[in-house]
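Input sequences plus hints: build the corresponding full structure.
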Amino acid sequence: MNRTIGLITANYSLAGFGTVGEERPSASIPFGGRYRLMDFALSNMVNSRIQTVGMITPYRYRSIIDHIGAGKEWDLDRKDGGLYILPGTIYGFRENDGHFLFRDFQQNRRYFQISGDYVLASSGTLVASIDYQPMIARHEFTGRGVTLLYRRADPEARKKGYYLTFDDKGRVTSIRHDDRGEYLFLDSFIMNKALLLRLMSDYGNLGQMDLMDILGMIVDDIAMEGYFFDGYVAEMDGISGYLRSSLELMDRSVRRELFDPDRKILTKIHDTPPAMYTADSRVRSSLVAAGCYVEGAVENSIVFRSVRIEKGAVVKNCVIMDKCVIKSGVHLENVICDRSVTVSPNTSIQGTPESPCVLPKGGVV
Amino acid sequence: MRKKECVAMLLAGGQGSRLGVLTEKIAKPAVSFGGKYRMIDFSLSNCVNSGIDTVGVLIQYKPTLLNRYLGTGAAWDLDAAWGGVHILPPYATQTGGEWYEGTADAIYHNIDFIDEYDPEYVLILSGDHLYQMDYNLMLDYHKLMNADLTVAVKTVPWEEASRFGIMSVDDEMRITRFSEKPKEPDSNLASMGIYIFTWKTLRAALLADHEDAGSEKDFGKNIIPTLLGQKRALYAYVFSGYWKDVGTIPSYYSTQMELLDPKAEFRLMDTRMHILSNLNEAPSSFIGEDAEVSHSMVCNGCEIYGTVVNSILSPGVTVEKGAVVRDSILLPDSTVGEGAVVEKTILNERSAIAPGAKFGGRNVITVVGDGSTMEVEA
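Residue numbers (our numbering), protein chains in the order written: chain A, 443 to 807; chain B, 6 to 383.
Because the hints were derived from the structure by calculation, they are not lab data. Do not take every clue at face value.
[Claimed, not checked] Just a sample of chain A residues kept apart from chain B, beta carbon distances all over 12 Å, derived:
1) Arg502
2) Arg504
3) Ile507
4) Asp519
5) Arg551
6) Lys602
7) Gly623
8) Asn634
9) Leu648
10) Asp655
11) Pro703
12) His712
13) Ala732
14) Glu741
[Unchecked claim] Pair ranges (Cβ atoms, derived):
15) B:Leu70 with A:Ile791: 43 to 49 Å
16) B:Leu70 with A:Lys611: 36 to 42 Å
17) A:Asp522 with B:Asp84: 16 to 22 Å
18) A:Arg600 with B:Glu343: 39 to 45 Å
19) A:Glu582 with B:Ser259: 58 to 64 Å
20) B:Thr160 with A:Glu699: 54 to 60 Å
21) A:Asp702 with B:Leu70: 32 to 38 Å
22) A:Ile711 with B:Glu216: 46 to 52 Å
23) B:Asp84 with A:Arg694: 35 to 41 Å
[As the list claims (entries may be wrong)] Straight-line distance between alpha carbons at most 27 Å, and here's what the computed DSS-like set of lysine-lysine pairs gives:
24) A:Lys765 with B:Lys268
25) A:Lys521 with A:Lys706
26) B:Lys159 with B:Lys188
27) A:Lys758 with B:Lys159
28) A:Lys706 with B:Lys326
29) B:Lys30 with A:Lys753
30) A:Lys706 with B:Lys30
Quick caveat: nothing in here was measured; it's all calculated off a predicted structure. Glycine included, every Cβ here is placed at the ideal spot set by N, Cα and C.
Right, dumping it as structure tokens:
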């Protein structure tokens, strides 16, 4: 009997993703050649033996449902537990740092009454490989009301988020939204379910707030602990962060950690044939998915499924999403091609790492 | 009970001894093929694409991997509430247990299974052929001819006919004679080992054959000749598409290498023929800074730091720095160590080539497995 149920939130959009973020809920943003951001939260939960997972969807949820279906790929098509689609409220958070809209919890109160003693929550855009088992064990052992996942941040660097402070016994003394601090909350926590249900009753009129803000308000009344994570986290701070995180996958140690064969990241299966490289292809330092047909040159790039890169094309520092066609003689540098983009012959497009050029979904350039 | 019009029975119990090292630990239909597929995928996908949703898979030899691979059949959409994929091993009865003695015997022992679905027709398949076929067209032909048995045949060059089971036919394509590897063939229609039987006919033939102590309980040797002798309606169905038997090392090797040709007759990239498999969980492949990949097919989960030319890399293959892989087929999760050279070699699943080692390269196909190596004339 599993005492922890999972919850993944997706009713928000990340800031600074431009057309990539307008096309779809942020949790559906493609990443790493064949995944969507939500695959990491989903896989982390099932790899940590969570068998009941609720997914709070945004108003425009088509791509999420299309992707997760009945949860089959994650073994969440269960008689006991399994996947629960939880409709989010009509306006989610847009481009701020809140990922746990309290009224989404309130609206789905019934889900939290199904079974279990603890709720393990993660945002749908947390990209890391996390084994929650020791965190759950720790939460059970300490008996605190909430255990918050966090990592150390560079106090000199600016990064918006929720920052924590602790007393010398490790108890959380403050949770505040800021752009710098020492301990950054990592978009994931475990909470006693009885406490969550009580908060829903006690703070029923604070539905528009982020649960983190509410916890920050009552930090002195509830025993909260932190759980330190020192693994790799792919930062999703805007489109330049997305490009940077994508290119970090070229690091063998990052790939080994994120795609550990013992903790597989699962995704929707497409049954794509193997990738083909012709005699003319020149591919260096790149991640290439199945179904691609590569005749051209690819360097330091992520190429998603079923992309065609024709002869004489050069793709450098790019993210090319599914089903794009890069015609002959094209030169792309620091470009993000959303899905199904066709780049006409001999076109040259250059962005910069700080400001990559984004070609919107389905377009012909 | 809902009736099924046609139930497929896939013969997957054979050892496949001609594949040597590759079938040391696994049954032939489970052998990796074309990168992310296993041999059984092609027949299973054909079933699904032909709307046949009930498939019995007859197993006997080293079935562990095959069983795990098939799972619930979900990978092929064969996890059905009524129908789907069924793994059918030999079983014990009150009078003792018996192995499947021959292809027909395997079906005989599963008469009850087929009866459950009360089909009009039974499609008999094997799991070691590369082809794409709409079985419905063959079934329509079977019905049109009012046949008891329809045998799919392929026109082969006359000079090769003596290597096959040859069907002689009359003007109406009715089979008049069946000869296994005839020295002087009078026809060049080779049996593809794909049969559609009217179940009533096959059922009776299996019961009779079981009583015959001298029978080898084999479709080709016993059932078909018996039905011919009874002047039953046996017809040949000529299949004009691509079809290759890949049950020997030379054909296993050359058929896969042909897939690398962009103009290959059998195109895995062709989106119209959806070949399903159950090897889909690996991340994208990484091509390293000093790597070189050309004229090759690479599956997900590979890590390439060396040189790969004219080769097929199955899921999870690692080619370390300075290694050279040429004209080779690396099966799932195999590794080529730093500086190793591998030429014209089939590297078995999960096998590793030590750093600096050299394999293959002469005019033979080298098959490398866990601690055993064999060479086969190309």
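Does the structure break any of the earlier hints, and which numbers would those be? Hints 4, 11, 12, 13, 14, 16, 21, 27 and 29 are the ones this structure does not satisfy, whereas the remaining hints hold.
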